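Protein sequence lines correspond, in order, to chains C and L. Using my numbering, read the first sequence as starting at 1 and increasing by one per residue. Using my numbering, read the second sequence as starting at 1 and increasing by one per residue.
Honestly, the hints are just simulated from the structure, not real lab data. Being a predicted model, the structure only gives us computed values, none of them experimental. Careful, some of the hints might be misleading.
What the hints assert, rightly or not - In silico contact screen, one side only, chain L against chain C (beta carbon under 7 Å); selected entries:
| no. | residue |
| --- | --- |
| 1 | G41 |
| 2 | S51 |
| 3 | T53 |
| 4 | Q55 |
| 5 | F86 |
| 6 | F97 |
| 7 | G98 |
| 8 | G100 |
| 9 | L103 |
Said to hold, decoys possible - DEER-style ranges, computed between Cβ atoms:
| no. | chain 1 | residue 1 | chain 2 | residue 2 | range |
| --- | --- | --- | --- | --- | --- |
| 10 | L | E67 | C | P70 | 43 to 53 Å |
| 11 | C | T76 | L | S60 | 25 to 35 Å |
| 12 | C | D63 | L | D27 | 29 to 39 Å |
| 13 | C | S62 | L | S92 | 19 to 29 Å |
| 14 | C | Q96 | L | A65 | 20 to 30 Å |
| 15 | C | Q54 | L | I2 | 14 to 24 Å |
| 16 | L | S28 | C | Q96 | 20 to 30 Å |
For each residue, glycine too, the CB sits at the ideal point set by N, CA and C.
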Amino acid sequence: DTGVSQDPRHKITKRGQNVTFRCDPISEHNRLYWYRQTLGQGPEFLTYFQNEAQLEKSRLLSDRFSAERPKGSFSTLEIQRTEQGDSAMYLCASSQGQGVYGYTFGSGTRLTVV
Amino acid sequence: GIQVEQSPPDLILQEGANSTLRCNFSDSVNNLQWFHQNPWGQLINLFYIPSGTKQNGRLSATTVATERYSLLYISSSQTTDSGVYFCAVKPSNQFYFGTGTSLTVIP
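Whenever a hint applies, use it, and build me the whole structure from the sequences.
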């Protein structure tokens, strides 16, 4: 297993455009998490899935954000009508169950909105 | 949510020097983890340390849960230790991260 994969690594988009990111977790992990990290800050939780069910959403996840994990495997995070404030690193992580053992982060997708 | 504070925010070391990074957290937790974020953005697990002391090579960590702080020690620092060090606590499903300590080790 190659760990948690995220695609693309970098994305530059114009304000107002929609963007979609993909995360492929470690195959045996049933939980998948999205975090956002702005410059100089630690990652902040956005949402998580257990299998295909989205069980928790942060207040940071505005109406313009939507996340899916249709078959309990990979996940997508879409941002509609991007704003400059959306510029950040979007990190995905996966785990088996609630514990911290095996909680693994991907390398992230860096979004720049111009 | 839980507040996690880290100090110092920035640290510059000569190669070979030792350092101590501190993490204070606002509530009692039974999950605390130290991460290293490399220059490419990858977060690497260093220690899962809800209490007590652990060592892994040149790195060691101590958590005093009753006093709500944790320390990360780096000895004989190397240039490859550069990056940002985060502590994070996980009371339920999500990690709460501190703002990190940015470490630069110069040769």
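> With 7 Å as the cut and Cβ atoms as the points, is L:F97 at the interface with chain C?
Replying inline: The hint holds - L:F97 has a Cβ within 7 Å of chain C, the shortest such distance being about 3 Å.
> Is 25 to 35 Å a correct range for the gap between the Cβ atoms of C:T76 and L:S60?
Replying inline: Violated, since C:T76 and L:S60 (Cβ atoms, about 40 Å apart) do not stay within the stated range.
> Under the criterion of a CB-CB separation shorter than 7 Å, is L:G98 in contact with chain C as hinted?
Replying inline: Holds, because the Cβ-Cβ distance from L:G98 to chain C comes to roughly 6 Å (cut-off 7 Å).
> Should the hint that C:Q96 and L:A65 are 20 to 30 Å apart at their CB atoms be regarded as holding?
Replying inline: With Cβ atoms ~25 Å apart, the hint holds.
> Taking 20 to 30 Å as the hint, is the beta-carbon distance of L:S28 and C:Q96 inside that range?
Replying inline: holds, 25 Å
>> Does the beta carbon distance between C:S62 and L:S92 stay inside 19 to 29 Å, or does it fall outside?
In response: holds, 22 Å
>> Can you verify the interface hint for L:G41: is its Cβ closer than 7 Å to any Cβ in chain C?
In response: Holds: closest Cβ of chain C sits about 5 Å from L:G41, inside 7 Å.
> Was the hint right that L:S51 lines chain C, CB cutoff 7 Å?
Replying inline: Violated. Min distance 14 Å.
> Per the CB criterion, is L:F86 less than 7 Å away from chain C?
Replying inline: At 5 Å from the nearest chain C Cβ, L:F86 passes the 7 Å test, so the hint holds.
>> Can you tell me whether the CB distance of L:E67 to C:P70 sits inside 43 to 53 Å?
In response: holds, 45 Å
> Given L:G100 was flagged as interface, is its beta-carbon under 7 Å from a beta-carbon of chain C?
Replying inline: holds, 6 Å
> Within 14 to 24 Å or not, the Cβ separation of C:Q54 and L:I2?
Replying inline: holds, 23 Å
Going through the hint list in order, the structure does not satisfy hints 2, 3, 4, 9, 11.
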